[in-house]
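Number of protein chains: 2
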Amino acid sequence: MNYLALSKNELVKEKTRILNEYEKLKALKLNLNMARGKPSVEQLNLSRGLLDVLNSDSCCTLKDGKDCLNYGILDGIPEIKELFAPVLGVESGQIFVGGNSSLSIMFDIISFFMTHGVPGFKPWINQGKIKFLCPCPGYDRHFAILAHFNIEAIPVPMTNTGPDMDIVETLVTTDPTIKGIFCVPKYSNPQGITYSDETVKRFSALSTLAPDFRIFWDNAYAFHDLSDTPAHLLNIMDECQKNGTQDRPLIFCSTSKITFPGAGVAFLGASKNNLNTIKDFYSVKTIGFDKINQLRHVRYFKDYNGLLNHMKKHRDILKPKFDLVINTLKEEFFENNVISFTEPIGGYFISVDVMPGCAKKVIALCKNIGLTLTYAGATFPYGIDKKDSNIRLAPSYPALNELQVAAYTFCIAVKLATLEKLLEG
Amino acid sequence: MNYLALSKNELVKEKTRILNEYEKLKALKLNLNMARGKPSVEQLNLSRGLLDVLNSDSCCTLKDGKDCLNYGILDGIPEIKELFAPVLGVESGQIFVGGNSSLSIMFDIISFFMTHGVPGFKPWINQGKIKFLCPCPGYDRHFAILAHFNIEAIPVPMTNTGPDMDIVETLVTTDPTIKGIFCVPKYSNPQGITYSDETVKRFSALSTLAPDFRIFWDNAYAFHDLSDTPAHLLNIMDECQKNGTQDRPLIFCSTSKITFPGAGVAFLGASKNNLNTIKDFYSVKTIGFDKINQLRHVRYFKDYNGLLNHMKKHRDILKPKFDLVINTLKEEFFENNVISFTEPIGGYFISVDVMPGCAKKVIALCKNIGLTLTYAGATFPYGIDKKDSNIRLAPSYPALNELQVAAYTFCIAVKLATLEKLLEG
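Those sequence lines, one after another, are chains A and B. Its first residue numbered 756, the first sequence is counted upward by one per residue in our numbering. Its first residue numbered 756, the second sequence is counted upward by one per residue in our numbering.
One or more hints might be untrue.
Since the list gives no way to pick one copy over another, a pair counts as held whenever it fits inside one copy or between any two copies.
[Said to hold, decoys possible] Straight-line C-alpha distance at most 27 Å; calculated DSSO-like pairs for lysine-lysine:
#1 K1067 x K956
#2 K1068 x K821
#3 K1034 x K886
#4 K997 x K1142
#5 K781 x K1141
#6 K821 x K1074
#7 K1142 x K770
#8 K886 x K1067
#9 K818 x K784
#10 K956 x K768
#11 K781 x K821
#12 K784 x K821
#13 K1142 x K1034
Think of the hints as simulated: they come from the structure by calculation, not from any bench.
Chain A on its own, in the form it takes in the complex (with noise of 0.2 Å):
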């Protein structure tokens, strides 16, 4: 059924069976949560084994003889490091190992530029109004730390390939008060979307007025595939580096996603230049992070492969929970093109666009009878999403069988929605 054909007659009647659907669904008094990308139960024991590792006879010495007990060893261990360079695509060296949040590392230096400046340049806040890039949809804490700092988000369309590289180009070409952009380069949040190479290529060649411009690539996702053809993202420092442009990406990933959420690892990979100066206001900051946990994630994962390995049981769990929400969805809305949603082969979201005007409706409906997705708006920056269409949806929690009431609830909200709006109409 395609409501955009139907006459008021078959939209009213329509909307009365969703309204009796509707209703039933409100008689189950749910309590479902698709709103945040949080792993689920099961997902969390595959990780149990990493509180077995260490024990109170465990050797904690390193291979250089440091004591993973004690003090020291600001920027991490050394073995850590070289278990996740093949993950940010940096050498080892070119690696700091931080605490449990990414999150957190890009907070401090974005902290650290205001006050500071990037090395060479004026401080951030004193340089009047300062601007960011933001692909948009996106992530919404990325876009909080921004509004923090009064850092004034510019939204830039994301497109399949990535951010719209022809409008990234115009405006770093145009305006020195564009100081970075926030990047979620493989699997991006909510779409999914995977930067092209040549995307990839365009932001290594970019000739950025400010001559303090930062990529915060978020590689938030940089394995968490669904799919047996992984999207490849190529390497932005080999890139940066071919440009001579190494000192402008800033590479995040952490194990949140990977291990155990707030008990993980976080790290950044960057030019010696960058890591140098980050290292020096870090040590003002801390003595250093928690190396016990990062030598209990050595010690658990001994190697890439066992990282893969680790990836590939995740995947079991997710891959079931985005066919069944993805095939509601299209079962759902068979020839009724009233809904678009990406249909992704890694990360942890399906961005969904309901007609426009109808976001803040659908999510409200939901909330009503006891779904809760992210807050209308929270994929743009401000919480502004102009056409009030884009709703982000996390399967990852929900156990199956929640899940399946879940989806189904929230194809009947927007329904609703759709057709209350066609109706006004």
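Once you've looked at the hints, dock chain B against the given chain A.
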């Protein structure tokens, strides 16, 4: 032998004797370190049981039903707040649990006040030159944070009862650019002085010209006793509440010197006002800290008595080390008034004052023959000890037999530097 009473000939003769001792020590090719308050391997072993309390079979669900393995709980698990409330001297609802480093929380808060201001006031960065008071001798990492943010550090002399409060009161009531003070109120670093009740009361009653004045109360050695009759520190939050100044103190502690340095848990105790602001700020920076490590600490210590018993074991290891160094100093400088030193009943340091103009020389002489001490001037802002007299000794790390050599080596270096100085003059 009192050097100050010797003739020139006697000084020359003694110098020959001491130089001979110094050369003997040099021949031993020592590699000793009394630089930092680093727990010994024996002390670290006290906490190895912490690595056993959680394993792959553990239930990591909290009393309130939340899962420590997943995202969430920005401000720390309630269980650990309850455990450490008596250490911080605040209610558990007044606690923010951070990562592994209290220094890092101090840094973050100062950074936040710089860019955003104490709530209700202009950002510190927009207030022109601002200043902090620094009781001296003090902790170099506090001074480093101030230097990083270009906050002028004003030294305030320490007395036996804490900072000279006459000076503190005069300064804060005449200079509105003084925005804060760093205090180590119990077993101060490096002197081991505990602030008297009167000092704490005067802090709580300060009439500061700056309305956005904050006390950074770094209670790093809250119950790190070395005696059966531990020092008592008056509860600053209670006193401030009496005076309506409860938004003034920010109270810090961590388990760095209780369990594992770098893999412990850090805490902030503050008024609800301060806490709400700081939580809002951290909610932009991170989703949350390592709750599994928080849970590990709770399960390991069980309750406050568990903590106290654990601290007794630390004391059993540390006390003989402090005794050894202090006895060596007493013996070597019996009736020789060229040195004064503290005899702390808690904390991690012995503070030594050598003859003015000799500290750098002593530290260099030690370094030359393989004994590393904290750099000269470390206990003063900008590394400038005008008298060139104060040296901080940290007896915790070396084993007793090493410490004996280290303490003796230090004494010989002090004697040599003093003799050279006396012969110059």
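So, going through the hints one by one against the coordinates:
1. K1067 x K956: Answer is neither: 29 Å inside a copy and 61 Å across each miss the 27 Å cutoff.
2. K1068 x K821: between (33 Å within a copy, 24 Å between copies)
3. K1034 x K886: Result: close both inside a copy and across copies, 25 Å intra and 26 Å inter.
4. K997 x K1142: neither (40 Å within a copy, 54 Å between copies)
5. K781 x K1141: The answer is neither: 30 Å in one copy and 75 Å across copies each exceed 27 Å.
6. K821 x K1074: between (41 Å within a copy, 26 Å between copies)
7. K1142 x K770: The answer is within: 23 Å in one copy meets 27 Å, while 86 Å across copies does not.
8. K886 x K1067: neither (39 Å within a copy, 55 Å between copies)
9. K818 x K784: Answer is between; shortest inter-copy Cα gap is 25 Å, intra-copy 56 Å.
10. K956 x K768: Result: close neither inside a copy nor across copies, 53 Å intra and 75 Å inter.
11. K781 x K821: Classified as between: cross-chain Cα gap 26 Å, same-chain 59 Å, threshold 27 Å.
12. K784 x K821: Answer is between; shortest inter-copy Cα gap is 21 Å, intra-copy 56 Å.
13. K1142 x K1034: neither (43 Å within a copy, 32 Å between copies)
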